[in-house]
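Visitor: Here's the letter readout for the chains.
There are 2 protein chains.
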Amino acid sequence: MKNIFFCAIIISIVACQSKNNNKSKASKIATKEEKLDSTHIKQFFDSALTKGKSYEWLRDLTQNIGGRLSGSPEAEKAVKWGETLMKEVGLDSVWLQPVMVPHWIRGEKEKAYYTVNGTNQNVAICALGFSIATPEEGITAEVIEVKSLEEAESLGDKMKGKIVFFNRPFDNTLINTFAAYGGCVGQRVRGAAVCGKFGAKGVIVRSMTNGINDYPHTGTMSYGNLPKEQQIPAAAISTQAAENLSADLKKNPNLQFYFKQSCKTLSDAPSFNVVGEIKGSKTPENIIVVGGHLDSWDLGEGAHDDGTGVVQSLEVAYLFNANKIRPKNTLRVVFFMNEENGTRGAKKYAQLAKENGENHIAGLESDAGGHTPRGFSIQANDKNTKLLQSWNKLLAPYGLHDLVKGGSGADISPLKNETVTLVGYRPDSQRYFDYHHTATDTFDKVNKRELELGSASMASLIYLMDKYLYNNTPIKP
Amino acid sequence: MKNIFFCAIIISIVACQSKNNNKSKASKIATKEEKLDSTHIKQFFDSALTKGKSYEWLRDLTQNIGGRLSGSPEAEKAVKWGETLMKEVGLDSVWLQPVMVPHWIRGEKEKAYYTVNGTNQNVAICALGFSIATPEEGITAEVIEVKSLEEAESLGDKMKGKIVFFNRPFDNTLINTFAAYGGCVGQRVRGAAVCGKFGAKGVIVRSMTNGINDYPHTGTMSYGNLPKEQQIPAAAISTQAAENLSADLKKNPNLQFYFKQSCKTLSDAPSFNVVGEIKGSKTPENIIVVGGHLDSWDLGEGAHDDGTGVVQSLEVAYLFNANKIRPKNTLRVVFFMNEENGTRGAKKYAQLAKENGENHIAGLESDAGGHTPRGFSIQANDKNTKLLQSWNKLLAPYGLHDLVKGGSGADISPLKNETVTLVGYRPDSQRYFDYHHTATDTFDKVNKRELELGSASMASLIYLMDKYLYNNTPIKP
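If you're matching them up, the sequences are chains A and B in order.
Just so we're aligned, residue 15 is where the first sequence starts under the working numbering, counting upward by one.
Just so we're aligned, residue 15 is where the second sequence starts under the working numbering, counting upward by one.
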């Protein structure tokens with residue numbers, strides 16, 4: 015598409031379609047206030063798409079700093095980067111919130127293989143966050159394949175001395191890929207805790223992704239209350255390796271699997287949330303927070319997870335300033351630290367908000383990737399949920415159709431109470447788990463327009479919440 | 015996202031959200047027929063996402079054949095590939111429709127540069143389809159920059175002996191990138207016709223894309239009725255080159271621009287539309303056609319334009335067969351030849367349909383890329399437009415919100431009459447012009463799930479049209 019010369023008619027149809035679309039949508043917008051809102055929303059989109067900054071900010075964060083796991087030198091650099099940038103954007107005040115974070119390091123590159131018919135099969139593997147190392151010589155053992163924690167649990171002592179292989183794939187029929195993730199991630203998080211208590215030697219887990227490829231996806235795990243002597247090493251293997259291993263086990267059930275990793279958890283390290291705000295013009299004591307997380311896993315550059323959320327959150331403030339729209343309530347931008355393995359930044363932020371008697375009326379988090387906008391997930395009381403859903407005609411022209419009740423995000427949900435309206439930005443989810451927690455989560459996977467449309471979507475929602483939640487939410491005494 | 019262990023609550027929220035979503039949407043589906051429709055639509059999506067074939071078909075077409083401009087050996091191979099594949103899928107009958115197509119060849123790689131301050135600036139350039147060559151020694155001339163055909167026209171004789179540089183950029187504030195394309199493509203198509211008559215030596219045109227990068231985008235142009243002696247060479251330069259040249263012209267208005275190309279138009283070549291069908295169970299004399307175009311530009315692999323449309327169209331038939339759903343009307347799959355530079359295949363198909371007294375009740379074309387589904391553009395009478403729009407609750411759970419009146423596609427629109435319902439599949443447009451007509455339109459830019467969701471979206475609409483247009487459209491006497 016499109017042979018335009020021979021199909022001049024088609025072009026004019028496309029052009030008319032676009033105009034008619036806007037017209038028919040505009041004609042449904044009846045009131046004067048709605049017209050004003052529609053104008054401001056268009057300003058946010060126009061500015062983001064023509065003079066947006068988020069893409070170059072993201073390039074800098076991902077390519078000059080890169081992966082930035084909590085406690086790492088890169089995370090420290092990212093804090094300074096964030097503080098400097100917030101000041102450059104001209105926020106009224108910028109500060110750091112000190113927070114102690116877990117400090118897990120990967121160590122040497124992991125190694126895994128097994129032998130079938132005399133041939134070594136190398137396995138793409140990576141340690142899971144918080145896992146212990148293997149002994150220095152690695153672990154070699156037979157493998158038991160299971161599809162769930164329940165199946166593992168039912169094996170009991172049979173897993174003693176074995177490596178348990180969790181191989182439950184994503185349910186690809188789920189349109190929302192986060193639902194598929196939710197259906198599998200338990201094996202990654204709790205696999206070692208379940209198998210350690212029965213004396214398994216280690217666990218390996220199929221990577222959390224829709225497709226079949228060679229990249230292992232890391233992510234956090236936990237031993238729960240398991241005593242130290244029962245803790246066993248846990249790693250992820252690529253989906254291609256999982257498919258191969260499963261097939262090979264059918265023919266060679268006694269094959270010996272070897273893996274080695276040298277990760278460890280050091281003492282907690284000092285770090286920071288980066289915070290900046292535009293003071294509200296009417297009720298500065300009421301706060302609307304917008305944020306993403308500054309830390310990332312170490313294998314890629316932390317682009318979609320969650321560099322995009324960080325730069326979009328700051329771009330919201332930039333878009334208010336660029337369009338000379340001053341929020342009535344205080345607009346606070348937060349780059350949260352340690353979402354990936356601890357959410358210590360989120361907890362610290364909520365704790366300080368409580369201690370300081372701050373009144374958060376709303377929050378918006380972007381931590382679902384930087385893909386094309388689809389909508390928002392609303393965690394609020396019924397009244398405010400309905401209010402937000404009533405903005406659908408203002409948001410639909412920008413592809414924001416999904417205004418659904420649901421979770422918001424790991425970093426803002428500790429703020430939850432009876433009155434606060436918490437929202438998660440929801441871009442299209444189809445490509446997210448191609449990159450999530452793996453080496454391919456790099457800057458080149460982010461499309462400039464998709465990123466900017468996200469910033470503008472978020473600014474639009476913040477604008478509406480700032481205006482309409484203002485009279486809607488009681489100010490704390 | 016997501017630190018699941020520390021945020022088990024979040025997971026359950028996400029999971030609940032997904033379930034509730036489905037539930038709330040399902041609960042609005044009232045009638046028995048709607049329930050059945052909803053079940054069949056889910057079958058299409060489930061099959062596409064778990065046993066879809068389109069991605070591997072596309073890999074084969076793009077990587078083993080590649081770019082396939084009309085008249086080229088690759089286009090010939092693609093015809094054989096299509097015929098073989100349709101037979102493999104088990105269509106009831108498969109045949110080729112002979113059609114003569116234009117045969118333009120690019121020749122040697124084009125070359126362009128200019129000199130500022132003694133330094134050669136190389137320019138990324140490519141000839142436009144149907145352009146004539148430059149003389150063998152190339153063209154060297156001063157450059158006049160314009161932003162529109164009207165501005166060029168107003169220059170009149172001032173452009174004599176000059177190269178006219180059309181540098182109108184995309185309007186990036188348009189959310190639908192096809193509208194931005196529609197606002198610029200006239201300079202590519204008609205620039206040479208306008209400037210040739212005033213004695214310009216050649217035209218160079220800013221590439222049709224949203225971003226700034228180093229890839230020239232080709233595409234068709236036409237001399238209209240311009241006599242042969244007034245025809246001048248036309249080429250596209252990359253957006254980065256256009257930005258640089260524009261800046262350099264401000265400082266050096268008399269700089270000499272050089273370009274050379276050796277393209278030419280040969281005699282028309284024999285080729286084919288590839289056609290296959292599943293015979294209708296009730297009214298086989300009524301036809302629903304689904305298609306994309308098999309030819310592509312030569313610079314890339316013709317992945318998003320339009321390999322994706324081709325494999326999705328065939329996957330529609332595959333999904334009907336795989337789910338043992340037999341259409342009431344005949345379902346015809348067409349791989350059209352020569353959409354890019356001539357639409358001869360489309361014209362031939364419509365001409366034969368008329369000659370053979372075929373009754374097309376509906377058509378669906380996929381030629382807007384293989385990105386994530388957004389909806390359909392409906393070219394039909396008001397009654398049928400409303401009917402299609404009434405299916406929104408069945409389609410919305412799959413991200414298909416845009417059911418708008420508009421154009422359908424270059425290959426099916428010659429079938430237009432009073433009763434036929436023509437529809438264009440409309441995936442998300444944000445990334446399309448990153449790849450369109452350029453060297454980066456390659457297989458690796460296509461996401462498997464996005465492609466498969468498109469096939470299922472198309473199958474779902476075809477299913478509904480097959481069922482509900484059946485009693486709705488008069489059979490021709």
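None of these hints come from the bench; they were simulated from the model.
A few of these clues could be false.
Since the list gives no way to pick out one identical chain from another, each pair is judged satisfied if it fits inside one copy or across any two copies.
Unchecked claim - Below are the PhoX-like pairs computed for lysine-lysine, each with C-alpha atoms no more than 25 Å apart in a straight line:
| hint | residue 1 | residue 2 |
| --- | --- | --- |
| 1 | LYS419 | LYS176 |
| 2 | LYS91 | LYS211 |
| 3 | LYS407 | LYS419 |
| 4 | LYS481 | LYS338 |
| 5 | LYS65 | LYS400 |
| 6 | LYS342 | LYS430 |
| 7 | LYS342 | LYS161 |
Visitor: Does each hint hold? Answer for all of them.
Guide: Hints versus structure:
For the identical chains of this complex, LYS419 and LYS176 are neighbours neither inside a copy (43 Å) nor across copies (61 Å), given an alpha-carbon limit of 25 Å. Neither within a single protomer nor between protomers do LYS91 and LYS211 lie at most 25 Å apart by alpha-carbon distance, with minima of 40 Å and 60 Å respectively. Taking the shortest alpha-carbon separations for LYS407 and LYS419, both the intra-copy value of 17 Å and the inter-copy value of 18 Å come in at or below 25 Å. Taking identical chains as interchangeable, the C-alpha atoms of LYS481 and LYS338 lie at most 25 Å apart only when both belong to the same chain, with a minimum of 15 Å there against 53 Å between chains.
In the homo-oligomer, the alpha carbons of LYS65 and LYS400 never lie at most 25 Å apart, since the shortest distance is 33 Å inside one protomer and 39 Å across protomers. With identical chains, the CA atoms of LYS342 and LYS430 are at most 25 Å apart within one copy only, with a shortest distance of 22 Å there and 54 Å across copies. Taking the shortest Cα distances, LYS342 and LYS161 never come within 25 Å of each other, neither inside one copy (52 Å) nor across copies (42 Å).
Against the hints set out earlier in the document, violations occur for numbers 1, 2, 5 and 7.
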